[in-house]
Amino acid sequence: MNVLITGAAGGLGRALATECARRGWNLFLTDVNEAGLKNIQCGLERQYGITVTTGVCDLTSSGDVDEMMAIIDEHNIRFDMLLNIAGIDFEGGFLSREREKVVKIVSINDAATLRITHAILERRRPGGHFTVVFVSSLASMFPMPLKATYAASKRFLLDFATSLRQELKSQDANVLALCPGGLVTRDDTVQAIEAQGFWGSVTTNPLEIVARKTLDRALAGKAIYVPGGLNQTLSFFGKIIPRSWVAAVVYWRWTKSQKKWLTAAETAG
Amino acid sequence: MKTIVITGATSGIGLETARILCRQGFRVLSVGHSKKNCELAKADLLSGNPEAQLTCFAADLMQQHEVLRVANELTAYINENCGGELYALINNAGCARNWYMTTDEGYEQQFALNYLAGFLLTHELLPLLLKSGGRVLMTGSESHKGIKVHWNDVMLRRGYNPLTAYKQSKLCDILFAKGLNDRHSADGLRAYVLDPGLVHTDIGSKAAGGIVGVVWALRKRHGVEPSVPAETYAFLCNPEREPQGLYYHLCEENTYSKEVTRENADRLFALSERLCGIRYESSSKGAIA
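Protein chains in written order, with the numbering used here: chain A, 65 to 333; chain B, 1270 to 1558.
Hints were generated in silico from the structure; no laboratory data involved. A few of these clues could be false.
Stated by the list, open to error - As a list, the in silico DSSO-like pairs of lysine-lysine whose alpha-carbon atoms are at most 27 Å apart:
id, chain 1, residue 1, chain 2, residue 2
1, B, Lys1311, B, Lys1414
2, B, Lys1475, B, Lys1414
3, B, Lys1414, A, Lys323
4, A, Lys102, B, Lys1414
5, A, Lys320, A, Lys303
6, B, Lys1417, B, Lys1305
7, B, Lys1417, B, Lys1527
8, B, Lys1305, B, Lys1414
9, A, Lys320, B, Lys1475
10, B, Lys1271, B, Lys1311
11, B, Lys1417, A, Lys323
12, B, Lys1400, B, Lys1271
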C-alpha cells in the first residue's frame, strides 16, 4: 500500500501517518515545513522500522508540485491512497483580517488540494483500488460567521468529495470526507477548546481514534465520517434548521468564546 | 564549585530545587521551556540570593531536536566554564496531558517529556557526568506502582488514558535509573529517582486540558510545598554522602514496584535507544556491575 499524505508534519497529518505506519504501509510525506517532515520521518522509522519518503512541497505552487511529480515519476512510484490533510485556519471577522491572508485560506484548503488530488489520481496504481480522504470539518455543516472563509472552504471540500466519489465509483475508488469537530493537536488548541467551554470539550474527539477510524471507514467505502455522536447530531440539525438562524446562533457563541480566547492568549503571553 | 543541570527549573519542584542548590554553593544550569519563564525564574532566585551562580537555557525538551540542541549548548558551556565536569543532572521536566498529543517525532507527549527526554539528555551529557563520577536524578512518582510497561503500545495509542500514560512514564524513569546503575555504577555514576509525594505545583494546569486540569486543580490543594521534595534532591546531591538506594521519599529510601527488574530495564533501554537513535555504551570498567 503506497500512501501520500499532505500536511504530514502537522498534528492530524502526524497522527494519520502514524496510523498508516502501524499498518505497515509505505509512506510518501509532504509538507512545507522541512524540519518538521524530517522529525516525523525519523520518528516513524524508529518506531515502526519502515522506510518513509519525504518531499518538501508548497502545494500552492504548481511549479513545486510539478517538480515533486517529476521525482515521483522518475522513481515510478504509484499510489493506492491519498490523504489530503494540508490546510489552514485563521479565525476572526472577515474585515479584521488581512486581505491576502483570507485569500490564502482558499488557495491552500481548496486550490492546492485540487492540484495535488488531480496529480496523484493520475498516478494511481494501475488495476488497484484507490482511496482519497479530504479533511473537511464540522464547520462545513453550518454557515459560520467569524470563521466564514474557513467554513466555506471546508464546505467546498465536502461537496467536492461527494461529487468526486460519484465520478470515481465506476473506477474502483472511494472518496471520504472527514468532518471533525475539535481535535487537540497543539498546546494552543487546548487553550482554544477550553475557551469554548462546555461545547468546546464535548465536540472534541481523541485524535488517535479519529485517525484510526478515518482509515477504517475510507477503506470500507464510506462517504462521510463525522467523529462523535454529538457532532453527528449537530450536523443533523445543521441540515434542518434555517441557515440564517444557525448563522445568528454561531455568531453569538463565537463572539463570546473568541473574546475569552484572546484574553487568555494575551495573559499567557 | 560543582555543577548541576536541572530541567524544568522555572517552576514547581525544579525551581525550589534550584533555589536550595544555589544556596548550598552549587553552580546551577537550569533548563526551562521558554526564555520568558527562564528570566522570571532567574529574577526570582537572584532576588533572594544575589550570589547565586545560575545560568539559564531555554528548550522544549519533549522535542528530540531541542534536547540535542540544548545538550550541545550545555556541553560547550560546561567545557568552557566548569572544567568539563558535570556533577549531577536532574531530569525533572514533566507534563500532564488530558488528550493524546504527539511531539514533532510523533511520540506521545508524556512519554516523550517525562521519560524519553531524560534518557536522551543523559546520554548526551554522559561523558561530562562520568568525568566527575556524577549523579543522575529523576523526578518519579509513587503512582508508578501497580502498572506495567505497555510494551506492545508504549505510546498508548490504543485506549489512551492520561493517568496511565503518566504512571507509565514514571515507571520508565525508575527502570531507566536502574539500567543506568547496572551499566555505569562501576564508573562511579549513581542514578536515583525521587518520589515527591503530592506537591502543590502547576503540572496539571499547563496545557493539560479537560478533566485532568479540573481534577488537578482540586487535588493540588492538598499537596505539600515544592520545597519539600527539593530538600530530598539536596540530600541526594550532597557530595559527602553517597546514598545506596534507588528510590527516595522525604530523604529516605522507599520501596518501588516489582516491575523494576533487570530484564525490564534492559528491554526499555533497547526500545529507547531505538526511539532516540543512540546507543548507551556499557561500562568502561568492563563487566556490568
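Please name the hints from earlier in the document that this structure breaks, with their numbers sorted from lowest to highest. 1, 3, 4, 6, 8 and 11
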